[in-house]
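Asks: These protein sequence lines map, in sequence, to chains Y and P. Numbering follows the working numbering, with no gaps: position 57 of the first sequence is 57. Just add 120 to the spot in the second sequence (first one is 1) and you have the working numbering.
Don't read these hints as lab results, they were simulated from the structure. Given the structure is predicted, the values throughout are model-derived calculations rather than measurements. No residue lacks a Cβ here, since even glycine has one placed at the ideal position from N, Cα and C. A hint or two may mislead.
What the hints assert, rightly or not - Partner residues are not named here, just some residues of chain Y that face chain P (Cβ under 8 Å, in silico):
id	residue
1	Val30
2	Thr89
3	Ala106
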Amino acid sequence: MKWLLIALIVIPGTIADVLNTMGMKRNGEVADFRPRALLRLIASLARNPYVVIGVPAMAVSFFALMALLSIANLSFAVPATAFSYVLETALAKYILKEGIGWRRWAGASLVGCGVLLLAT
Amino acid sequence: MKTGTVIVLVVVSNVLGNFSLSRGLHQVGRLVSFSPWRYIQAFLHPMVAVGVLLLIVWLISQLSLLSRVDLSYALPVTSVSYVLTALMGEFLLHEQVSTVHWIGICFIGVGVGLVTRTLPRTTPITDEVQPCCEVAQ
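Bound-form chain P, shown alone (with noise of 0.2 Å):
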């Protein structure tokens, strides 16, 4: 899989994933407990699971990403979850997006322009590599 794809994936678990899990979680209603049955029964809420199996592909996908290029561009290129996660929002409610919305937006997509303009990777390839990831592609 190329790293593109990675990042592709990263982004769009990331966005469904929490969308579904706010959605669930807000018809769950209040969280803050330190009793862990009831986040039991929040998972039990089916707009919460397809959440968390959502984020459960969201966090292999990122650690696979963190495995090939270096932090400090993984993050700032999966941040265009944000604006998806902004631009849905807003489409799905009807509303219209706010100038200071696409102020932010055009922020984030200069930042994230400067960022893949640079090597992806600036830290050495460790010897230490396990047979398991050394597939040839």
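Isolated chain Y (complex conformation) (with noise of 0.2 Å):
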């Protein structure tokens, strides 16, 4: 069942954030942070397919976090979170097309080694 969860938490969460980051660079910069924007932006989010697949996996990982969480420590849901930061920047470079040079994956590496850290 833990481990169950641990998957449930990664992939429906790595693909979450690929597809958000899609979805938000075609949606534009948001920049207006009134009530009335954020309505607008929700309603043209909601017609934005990246973000209607991308916004339920997040919940998907979101309910197996909290599950996880009801039954076992956080040292044991943690180590899996760490690894999606390394996880994460190779789908960025090779899925977004992001620029990744040696400060990010650095970056990426050390923050993972360091919540994995935190976690002991």
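Each chain sits in its own coordinate frame; assemble them with the hints.
Replies: Encoded structure:
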């Protein structure tokens, strides 16, 4: 059960981040945070296919995390999340075509290690 | 709103949201169930409700952040939330922050420092921008 939940956290979570980034980049930069503008933003995101799949995938990942935290410690849940920093940096490079130099790689790896250490 | 402000909003709503959610869920109890009713019951708990509201704020600010910067920039930079979560937990429980945790915090600090020294956005801005988001600043 625990490992099923870990898979349900990592896989949909990773897919969600990639899809949401694609969707939000296509939607354009969000600059206005007044309530009316946010409602318009939500309305336009509801018609954005990337975000329409990405946000539910994020919800699956989130509910799986909720369920896991109710039966296991944070130190069991976090290592998988730590690994996803490196995984998502690789996906950002190859799928999202982001320019990732040594600073981003080193930064993502250090952050992943740091998150692991914090979970011990 | 500046990108830095959005990052702060993402981190703060994430930390406080997760905190109230986990506090609330501990009071609700075991939650591995395929029946939606158990989840609805959990949502009715005040701490859980506050946590969910904060996580909605987190979702909107996270999406806004992703509309402006690279995923590979946003992820490491917002990991400061792990540091705040760890420090908050340990201070609230009046525990000393262990050496291993301090080392972890240093790793994250250096990692975030490295990433912030890169260009936040390396992908081109597409021309399919919808009118809603083109507000002049």
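Asks: Hints first: check each against the structure and report whether it holds.
Replies: Hint check results:
1. Checking Val30 (chain Y) against chain P by beta carbon gives a least distance of about 4 Å; that is within 8 Å, so the hint holds.
2. The closest approach between the C-beta of Thr89 (chain Y) and any C-beta of chain P is roughly 5 Å, which is under the 8 Å cut-off, so the hint is satisfied.
3. Annotation: Ala106 (chain Y) was flagged as interfacial toward chain P, and the flag holds, the nearest CB pair being 5 Å apart, inside 8 Å.
No hint from the list above goes unmet by this structure.
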